[in-house]
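A.B. asks: The primary structure of each chain is shown beneath.
2 protein chains.
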Amino acid sequence: MKKPTLTLLAAIVAISGMATNPAEGIPAITNIPEAAYPCVDAQSKATFKIYAPEAKDMKIDICGRKYPMNRAADGSWSVTTDPLVEGFHYYFVIVDGVAVNDPASETFYGCGRQASGIEIPEKAEEAAYYTFNKDIPHGQVRECPYFSESEQAQRRCFVYTPAEYETRHDKKYPVLYLQHGMGEDERGWHEQGMMANILDNQIAAGKCVPMIVVMDYGNCGYIHGTRPGETRDEFGASFTPIMLNELIPFIEQTFRVKTDRDNRAMAGLSWGGHETFQITLNNLDKFSHIGSFSGALFFLADGIDKACGGVFNDADAFNNRVHTLFLGMGSEENFGSDKISEALKRAGINHTYYISPGTHHEWLTWRRCLNQFLPLIFTSK
Amino acid sequence: MKKPTLTLLAAIVAISGMATNPAEGIPAITNIPEAAYPCVDAQSKATFKIYAPEAKDMKIDICGRKYPMNRAADGSWSVTTDPLVEGFHYYFVIVDGVAVNDPASETFYGCGRQASGIEIPEKAEEAAYYTFNKDIPHGQVRECPYFSESEQAQRRCFVYTPAEYETRHDKKYPVLYLQHGMGEDERGWHEQGMMANILDNQIAAGKCVPMIVVMDYGNCGYIHGTRPGETRDEFGASFTPIMLNELIPFIEQTFRVKTDRDNRAMAGLSWGGHETFQITLNNLDKFSHIGSFSGALFFLADGIDKACGGVFNDADAFNNRVHTLFLGMGSEENFGSDKISEALKRAGINHTYYISPGTHHEWLTWRRCLNQFLPLIFTSK
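One line per chain: the protein sequences are A and B, in this order.
Numbering that gives the first Met the number 0 numbers the first residue of the first sequence as 0 and each following residue consecutively.
Numbering that gives the first Met the number 0 numbers the first residue of the second sequence as 0 and each following residue consecutively.
The hints are simulated quantities; they were obtained by calculation from the structure and are not laboratory data.
Do not take every clue at face value.
Since the list can't tell identical chains apart, any single copy or any two copies may satisfy a pair.
The list that follows gives simulated cross-link-like pairs (lysine-lysine, DSS-like), each with its CA atoms no further than 27 Å apart [what the hints assert, rightly or not]:
{"no.": "1", "residue 1": "344", "residue 2": "55"}
{"no.": "2", "residue 1": "65", "residue 2": "344"}
{"no.": "3", "residue 1": "55", "residue 2": "65"}
{"no.": "4", "residue 1": "257", "residue 2": "133"}
{"no.": "5", "residue 1": "133", "residue 2": "55"}
Please put together the full structure from these sequences, using the hints given.
C.D. replies: If you want it as structure tokens, here you go:
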């Protein structure tokens, strides 16, 4: 019996053979196992290196800029970026004009496709709230399939359950529905957002109450791409009935959860913030905690008084009914939450407004927003 | 307030704009949402289409063959393959010599990196055992982080729990440890192998007993690629102590499971079959059900009598101790399980040998092997 020579085994990339130059920093945690590049140095500059002897032109497209790569005699191409903002960035390699993934990177669903991603590390103390802590109990992120009658198709959601959920069989938990942004999907909050670490750390420290977090795809037709797409402005409109009539009942049948409005929250980032406002403000009998993280709240630009049946026009009624209204945004982006917060303040609407210092329309802003939002919700008041 | 123009939003690929030619078939279920290509016709031929106006040369690398793509005047490249074997195949797009992912495909960790994948559908009745069935209860696949003392690093495993696990709080379950192949990781059995559907379908039909299935990375250093790699022959050697001393205790502390050898099974595909034989046959006090799916059992090539302390030399003792020994392989591959089965037969070792008709060293072989293996294990005998 001879060992068969396998195409697949032969195809394993010899990335581990590339030595790391210590001056270039350490491999990004978003790399696949044993990939030495990309690596990040102490100034947050990233060095990319890809073997592509036949390519004519190679670029790295990251943080809104395209960096031309330089070809070495051995056929490898490399480039070191300027210092990058800390946090998670999608990026692409452009091979002779075609934007593709870096073979050395894990892939992350963003930009409407699988994209490469790189984590530029913060200082350990700043990153602690979203970093795995070996000394505390850990929850689980469960992939749950369900059948959508309205879509006549399989869907799936991811459900975070806190560590104690495994053993406290008589306890029921409040639920946060947490939405991704446009071009992302139900995987984003866990994989890019590190939501499980954030929840684990806050629960262990007593900063937020133990809760269930549900993450679903904020549009129709997840599993099979055969339904016609909606326009950008319509994106996610079909999610409202799916969420209210199918997802919430599925969660409440499957998990030990509290089902009253005091114990149901919704939050989302970017377009997920838009979806959150549209769904919660039009269904205040079902929700009492609301979060918008860099929300795409363009429908409020012409004035908050016309929004959602005039919900903001009676401040006392609103403030009595809504226990948490949170708006957050990065200081380096221009998504308009500052102006909405000012309008809400003028109208007497209680809310929390948070600015993430130094961050753009990216995941570090949203990790920080989640970290600010969690302690506010499901507290008895 | 103006709507900001976002690099990320602008980067969303206009895949949905491509019309599907009905003669080319229907989009693969492995595509990202709304991607019309690749599509698969009734003869199992796949058509790939990628917009790359600046590329000089494009190929599709699939099933051991490279198909040159043809450039159209609009800058898109396309090719239709020969009929492909049914089941799941990894593939790459080769852009001017660089093997990258198809932007329209989901990505799957295989070949030591994130790879594109395409599902060539079988007839519905043949695919039923691994197809989502809306009319039965569904289990969950839970991502569970844990800290490895020996690695001083975070690891994760995926754990399938059957639907009834949510409500039968007094019941304990047997456990199957299920390993991926070389170049794959702990995600493979769920994402490529469709193991949750196979389990759900068998449990609902009473074909196998409800069980927990644990999938972990069969090597050291999952999260961070900074540890030096092992040679191919050593791959996974460090997993034995991790599994025995860390993973199994973690599972038994976290889940309601039976902890005796009668209720502990291990199986794996390709190199995971090698790991399974090495771990179980050297630790028969801990395991009584053993499965090798296209196992890379090269250490048995020189004779089974020398293996694992001579475990096969006393057939009566072995047959009394090991409740299930299963070997499976695809008819179109040459991984030597046939010769090992013959040697086991000559030695009087009870075992089941299964040939998957028409399939290669690929996931359809391993789905079928799992489907054959599950009814054999944890039956009281």
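A.B. asks: Run every hint past the structure and note whether it holds.
C.D. replies: Evaluation of the provided hints:
1. For a Cα distance limit of 27 Å, the shortest separation of residue 344 from residue 55 qualifies neither inside one copy, at 56 Å, nor across copies, at 58 Å.
2. Taking the shortest alpha-carbon separations for residue 65 and residue 344, neither the intra-copy value of 41 Å nor the inter-copy value of 62 Å comes in at or below 27 Å.
3. For the identical chains of this complex, residue 55 and residue 65 are neighbours both inside a copy (16 Å) and across copies (21 Å), given an alpha-carbon limit of 27 Å.
4. Within a single copy, residue 257 and residue 133 get their C-alpha atoms only as close as 30 Å, which misses the 27 Å cut-off; across copies the closest is 26 Å, which meets it.
5. Within a single copy, residue 133 and residue 55 get their C-alpha atoms no closer than 46 Å, and across copies no closer than 50 Å, so neither meets the 27 Å cut-off.
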